[in-house]
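Going down the list, the protein sequences come from chains A and B. Note that this note's numbering has the first sequence beginning at 1, numbered continuously upward. Note that this note's numbering has the second sequence beginning at 1, numbered continuously upward.
To be clear, the hints were calculated from the coordinates, so they are not data collected in a lab.
Label pairs and their computed distance ranges (CB to CB): (1) B/K77 with A/R34: 37 to 47 Å; (2) B/D197 with A/D274: 46 to 56 Å; (3) B/K77 with A/D26: 42 to 52 Å; (4) B/D48 with A/G463: 25 to 35 Å; (5) B/D88 with A/S837: 43 to 53 Å; (6) B/P168 with A/D461: 48 to 58 Å; (7) A/Q49 with B/K77: 21 to 31 Å; (8) B/D197 with A/A752: 53 to 63 Å.
No residue lacks a Cβ here, since even glycine has one placed at the ideal position from N, Cα and C.
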Amino acid sequence: MFRIAVSVKDELPDPRGAGLLKDIRDLGITTVERARVSDIYLLEGIISQAEIGRLCKELLADPVVQEYSIADAPPPHGEHAHVIEVAYNPGVMDPVEESVIKGIRDLGITTVDSVKTAKRYFLWGELSEQAFQTISDKLLVNTVIQHIVTKSETASLPSTSYDFSLESIDLQSLDDEALIELSKNRLWLNLSEMKRIQGYFSQLGRDPTDIELETLAQTWSEHCVHKTFKSKIKLGKLVIDNLLKSTIIRVTEELDKPWCLSVFRDNAGVIDLDGHYAICFKVETHNHPSAVEPYGGAATGIGGVIRDPLGTGLGAKPILNTDVFCFGPPDFPYQSLPPGVLHPRRIFKGVRAGVADYANRLGIPTLNGAILFDERYVANPLVFCGTIGLLPKSMSQQGQQQPGDLVVLVGGNTGRDGIHGVTFASGELTADSEAISSSSVQIGNPIIEKKLIDVLLKARDRGLYRRVTDCGGGGLSSAVGEMAEDTGVRVYLERVPLKYSGLSYSEIWISESQERMVLAAPPSTVNQLIDLCTSEDVTATVIGEFTNDRRLQLFYDGNLVGDLEMDFLHHGLPQLEREALWEPPQHAEPDFSDNSDPPDLHRDLLRILSSWNVCSKEWVIRQYDHEVQGGSVLKPLVGANNDGPGDAAIIQPILDSDIGIIVSNGINPKYGDIDPYWMAASAIDEALRQVIAVGGNLNKVALLDNFCWGNPEKPDRLGSLVRAAQACYDIALIYETPFISGKDSFYNEYEAGEDSVCIPPTLLISAVAVMEHVEQAISMDCKQKGDLIYIIGTTHDELGGSHYYGIHGFVGNSVPKVDPKKGKRLMDALSTATAKSLVRACHDLSEGGLGVAAAEMAFAGELGMVIQLEKVPLGNLSSGNIRDDIVLFSESNTRFLVEIAPEDTHQFEEMMTGVDCAAIGEVIGTKKLEVFGLSGESVLSATLSELKEAWQKPLRW
Amino acid sequence: MASVKTLILRAPGTNCDMETAFAFEQAGSQVDIAHVYELIRRQKILSDYQIMVIPGGFTYGDDISAGKILANELRLKLGEEIQQFVDDGRLILGICNGFQVLVKAGILAAATAEINHTLTLAGNDSGRFECRWVYLRVNETSPCIFTRGIRSMYLPVAHGEGKIVAAPGTLNITLSYSDEIGNIEAGYPYNPNGSIDNIAGICDASGRIFALMPHPERFIRWTQHPRWTREPRKEYGDGFHIFSNAVNWVKTI
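Hey, can you work out the whole structure from these sequences and the hints?
Listed below in structure tokens is the structure:
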């Protein structure tokens, strides 16, 4: 065995070491003077000294900037430096290992059997044992996937032998208590579900095998069948039979838009683009894995959602990613962290890196997103990842296999990755989650996925398969089980290519190893399919065949190990019955009548701009490639210095066509603390506002819902879910924006003893809109001195859940509402004006209201602005309540600030007839924001540089 | 006029092949996107083309170091064909990951040694992958075919390992990072990676092999400019001229 250490030459700076040093300082440890990082490669095999020298020089080390050393053991603690070496646990595969093996073979060296990587960290400076331990725990090692190397390790994989023996479970003798015990921490099914299974097998007169129970648990999991949304819910006198069908899906059915091509059926919702092409969109969460191992959890989250478009219709090319994260505050005190929970800053950095590394490597632009912070996300961060795909319209429908077609598994090999990931996602996190779930996390291999995408789209265009689906949560069990629902299937599990030996037939079947897809190929083209895959170094294996007996039959080495009727598997699940409860909470209202602390609008605007939610996310955005594929028309950062906050993203998916796609997100969990109904309404309104703000219209807009909630078995959680879903129906119906797909994630709670910390109910609404011509796009930055600033929409006394109340320590109760009829009229009018190119700049009003929107437009355009609050059209403000701070910071929905050239104002105002609209200010040459209050006096005057600095500073990491 | 044929080389992890193909098509070339394995198996023959392009991406994940594995693959498995292509006076363009590959394969500075020991692309000084637009000043004395007639450009970069490290004075500098008014000493973020002498692109002595870190294929149409909503319209994006120069030059030989 050889250990090769590769380091940056001593005399050169080591950027990775510098980054580590910065992270150490962020921990409050200031005594480390210098840090450096080395890459360690462990090679096993029969290799000559000459070969070792050659592969170091020609492959592993860059002779210009790096040096290498060869040793056979890890170094002892250095005399001058603290040294720690960290390696992945057995079975956690670093993608680099595969690349190193390929690189070594290319050199003509064929005797290296296995490669393992590690990292070695050197820290110089005075460091107590305790501080060293802190650095190791908080920054360098995540015991879920890594360990500290203390002795010589082998580079070989954790292969063991597997001796087949069929495992049956004696269900018949179990009483209720024993059934629950069996389900706990393994199947996550409830008692009535367990009893249904017991009854089924009792009828058959036999015991189930382990693989049959696992298959049922996967198929019946919350993750796969959304049983909460489909349950029978009692809320007071109201009984809702299937919340999903009676709200979200109902909107789509009632609107019945001809351009909705495939909704709630496939892996992503599909809409028509231009008559020739279609686009599909899916957003998912990967919350629990990201809490435990942020980098790998988030990377496999984005990797998973990318495979959804790829597995939609006959396969779509992924063309855009959007990511929304919810974390604990980055300045959360370390000493307040619950046991087993990683610090928000570490989760943030890890998630960001995981998503960026995966998406950048795949060449999919990350063009849009949001990051929100709340202390209740400390133990349960939310990681939403979304992908849009492009496919020919003729291929937009889900395929259908014929009996006799072959089941072809394509892509990566199968290991013990993610076993019980789906059922893991259906339970609450506890301090033990880290230990229980260690097999549920992997780090992902983007290049395998990239190869898979490349070859699959080729096979699609050559017509080599009839149907495709992704292998995601639930592994083969879900993918093949769902695909074969209407036919039946036989699968031969020993044929599945493995990462290492030793997997049982059950593990093979339920493994959630990433980067795999399942195809149904007719026997006439299967050889061509396999040849094509092989030619691009993608593994493709026939693992079974579809039948016409509507049975799922699983074999291992000729033994029948599982045999279930499709009807029971897919329709045997008893409908849940759940109680819901909704009582509006009462929050304290701030009292501004006390004039001892008069409002300081200047200070408060700066504080809101500096709040974690509002502040610039440039540090994150620049680390995503948002230009790849060449289609970005409106980028995430806009304005005179390419650093203003764009509202929605626009891409041109086909480079020689002018048609565009707009993508936006609406989310505001703070409103959910008051009323989830208005939170959902506001999220829809916000997503649509952004579409309108960038020059789109409501003609062809589709929505996606992503509900992240607490434990739905608790009535208050479920009650708030019902409220939110009802708003989705009410608001989307009037806006005429159908839902095409969605997802939910429950049990986002952290149990610590008696207490349970629940996330704020969080609904993400994602919108995708078709834009006839990308040159109609508008950015939010002010363009021209002398232009007029209009506010469109009505400002109410709606500061409940606002940032303004937030910085004063209040939530309040006056949550922003939505009047969708008025809202639609307003958005239609505004989009008519933008289509006529009358609007120079447009920004929607959201968090921080008018004050923040005006500041952002001004500093993004490097042009000043004067606004007069007395001209703002007001709604329900009773005379006693008309105050400057309310008008400046109210977060009322359906409002925009627009910039209009003086010569166009007449035409613009005419188009806005019937809509609350008023000229409230002007773009000026002086670089400041000047606000005149209701009394006509100046109430705020801030330079653009102080506003921008306040906004940029918090996340300038 | 003979038709111009461009080969865009693809490998696992290449991800800018489609838009680079679009750019060459707009410039009037026929384009084939070929997998490196197709060249190795001789299913595609390099000498059928006049222009070879290694586009951007993360070939083989950029594992070990950016472009290294593809560089070795080209050097060891297609070295002779590529040398012949160069000797025949044809054009080679490497963009971003393609730059890293050309350097690490020794194709760009083939004169020095089997493996170049003085030139490489290392991790950005910032320690981060960065996606941002940069101003570029063209060295008008460079023999580079691709930049003829261009004085400055505005293009995006998107890379984590774009810092050029080289012995001073050894390179044919074609492009330098600069600020808005052409000052090349403006520092970060104008020079986004810390490259020596603010170098963004270099060519070989003949001017026929050109490599750059910025992405000209991402600025072909005006609406790709980050500020197209606020600045006067131009007919073509700045990157277009790189491709049209190449195609037009081939038409003349």
